[in-house]
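Residue-level listing of the chains:
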Amino acid sequence: MSLDSGPSGPREPVGGDLVRRHALATRLWHWTNAITILVMLMSGLMILNAHPRLYWGHYGSDHDAAWLVLADMDDIAFPGWMTIPTDYSLADARLWHFAFAWVLVLAFTAYLIWGLVRGHIARRLHITRIEWSPRHILHDIVEHAKLKFPTGAAALDYNVLQKLAYGGVLFVLIPALIASGLAMSPALDAAWPWLVDLFGGRQSARSVHFIAAMALVLFFLVHMAMVLLAGPVNEVRSMLTGWYRLPRDKGEAP
Amino acid sequence: MIVTRRHALRLGAAGAGGLLLSGCDALNDSATFKHGLAGVGRLHEVAQRAIIGDSLAREFTEADMSPVFKANGSLRVADPAYRALLEGGFAQWTLRVDGLVHRPLDLPLSALQAMPQRTQITRHDCVEGWSAIGKWQGPQLGAILAAAGLLPNARFVVFHCADKLEGKPFYESIDLIEAFHPQTILAWRMNDAPLTEPHGAPIRLRVERQLGYKQAKFIMRIELRESLAGLYGGQGGFWEDNRGYQWWAGI
Ligand code: HEM
Numbered sequence: 001m002s003l004d005s006g007p008s009g010p011r012e013p014v015g016g017d018l019v020r021r022h023a024l025a026t027r028l029w030h031w032t033n034a035i036t037i038l039v040m041l042m043s044g045l046m047i048l049n050a051h052p053r054l055y056w057g058h059y060g061s062d063h064d065a066a067w068l069v070l071a072d073m074d075d076i077a078f079p080g081w082m083t084i085p086t087d088y089s090l091a092d093a094r095l096w097h098f099a100f101a102w103v104l105v106l107a108f109t110a111y112l113i114w115g116l117v118r119g120h121i122a123r124r125l126h127i128t129r130i131e132w133s134p135r136h137i138l139h140d141i142v143e144h145a146k147l148k149f150p151t152g153a154a155a156l157d158y159n160v161l162q163k164l165a166y167g168g169v170l171f172v173l174i175p176a177l178i179a180s181g182l183a184m185s186p187a188l189d190a191a192w193p194w195l196v197d198l199f200g201g202r203q204s205a206r207s208v209h210f211i212a213a214m215a216l217v218l219f220f221l222v223h224m225a226m227v228l229l230a231g232p233v234n235e236v237r238s239m240l241t242g243w244y245r246l247p248r249d250k251g252e253a254p
Numbered sequence: 001m002i003v004t005r006r007h008a009l010r011l012g013a014a015g016a017g018g019l020l021l022s023g024c025d026a027l028n029d030s031a032t033f034k035h036g037l038a039g040v041g042r043l044h045e046v047a048q049r050a051i052i053g054d055s056l057a058r059e060f061t062e063a064d065m066s067p068v069f070k071a072n073g074s075l076r077v078a079d080p081a082y083r084a085l086l087e088g089g090f091a092q093w094t095l096r097v098d099g100l101v102h103r104p105l106d107l108p109l110s111a112l113q114a115m116p117q118r119t120q121i122t123r124h125d126c127v128e129g130w131s132a133i134g135k136w137q138g139p140q141l142g143a144i145l146a147a148a149g150l151l152p153n154a155r156f157v158v159f160h161c162a163d164k165l166e167g168k169p170f171y172e173s174i175d176l177i178e179a180f181h182p183q184t185i186l187a188w189r190m191n192d193a194p195l196t197e198p199h200g201a202p203i204r205l206r207v208e209r210q211l212g213y214k215q216a217k218f219i220m221r222i223e224l225r226e227s228l229a230g231l232y233g234g235q236g237g238f239w240e241d242n243r244g245y246q247w248w249a250g251i
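Which chain is which? The protein sequence lines are U and H, in order. Residue 43 in the working numbering is what sits at position 43 of the first sequence, and the numbering runs on without skipping anything. Residue 124 in the working numbering is what sits at position 124 of the second sequence, and the numbering runs on without skipping anything.
Bound-form chain U, shown alone (with noise of 0.2 Å):
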């Protein structure tokens, strides 16, 4: 068993055993990120209401053609309650979102250095040869529709789905929020060219960001759903105590 021992011994831990699951770390992490990037998503959703259209490029204003036009250019898009603040402001929504930047950005990294260094992300996000063949994936997948999911001690690894998810969030999503959020600064565009060139434009950087975030958004309401479906209390103690109960086998007296 690759995770940390359970207060039962040495023997293999079985379904109904109370295991030791999040490390304090991953924990801290996992609820400084649900604040900060609530709060990022609607304060950017209230940046966006000052100017709802979307361009490739690097310009584009209301005379350019947009590939997403999400409301008229006097009306928003985004009612009061997904945004913060409720009431239009675009300059309040900047201070949010820049001064949370900061949270994401150090929390980020730390976490990083934490999981690279301690061989956790390894650990528990290694994508094995086996687990990338398309069978395993197809199977995993078919499991999961089926809202079969694993009980006992196999309960305590991510299975592929959730690697590639946790990994996704971990290595795609969030430096790619990072990084274009940052190429839409015109001050860090003269000095760091390329971080801008990797999007194509300014404007591309506004779009990529915006796809990243709702993919975050997709995530984020799949993760709740799967949630659900596999114990909310269970699965919400183990995030915040880090112990977690294993589920039984259907079979298998309580």
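Mixed in with the good hints, there may be bad ones.
What the hints assert, rightly or not - Which stretches of chain U does chain H cover? Using the computed rule of at least three CB atoms under 8 Å from a CB of chain H, they are:
hint: 1; stretch: 44 to 52
hint: 2; stretch: 183 to 192
hint: 3; stretch: 235 to 244
To be verified - Taking CB as the label site, the calculated pair distances span:
hint: 4; chain 1: U; residue 1: L68; chain 2: H; residue 2: D54; range: 31 to 39 Å
hint: 5; chain 1: U; residue 1: R248; chain 2: H; residue 2: G36; range: 45 to 53 Å
hint: 6; chain 1: U; residue 1: V222; chain 2: H; residue 2: E59; range: 41 to 49 Å
Quick caveat, the hints were computed from the structure, so don't treat them as lab data. C-beta atoms are modelled at their ideal positions from N, C-alpha and C, and glycine is treated no differently.
Please arrange chain H with the ligand on chain U, whose structure you already have, making use of the hints.
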């Protein structure tokens, strides 16, 4: 009523969402909290200043230019004195340079046009999110400041403009680092034609590493100051005073 676990969860989620929203609004209304946010936000200025050094904003080619350059902010100046100058092709207009300088100046448009010119095709980024690429020409601000000669305690360059918004005079300010940056010019030409009124005739500031709200239009007077305190709302510009935009407009 029996409260099922699902009910409780749903209620809990709605409650948490509501709390978060009203909580954020309450925080947003708290001057102390907003001060804190702005304080953390100021780290962007410190970090970006350290990173950008004297780097130049990218210059584009004519092929990259926006077909239509959006005009924003004040599009028309109501002041009768300004309208008279506009009618006269700004032949009677002069740019006043004063404050903490050795030699206050009154420069007619022809004097600005006779100085060494810089032409640059750059990207303009509005705080709202859109960008436009245009071509600008004019003398470097640094050369004008050098001609006036700065007093040792001069720290900020303030641009007093002819337009009013919400009944308040428009102004903006930058520090001396941006003021002496080689791409910082007083543009009187845009896209190979004299600046039009919606774009800030007779001259507008181009400070290329900053957002659009810094690019002051209809400039009448340049004032060198030691501090921004005591000037209008004290935050260094109309948008800073009246909307809470950050003085550092690098992001
Ligand atoms: C270091 C991290 C980040 C930085 C520096 C950053 C920066 C920015 C900037 C400069 C804008 C303004 C774009 C404009 O002018 O229209 C923006 C908008 C936005 N941000 Fe971020 N951001 C970051 C992280 C995030 C995260 C984590 C999310 C959401 C989960 C997010 C969601 C949004 C959204 C939805 C918008 C409006 C749409 C858009 O312009 O793409 N941002 N962000």
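Hints violated by the structure (numbers, ascending) | Number 3 - this is the single hint that the structure violates.
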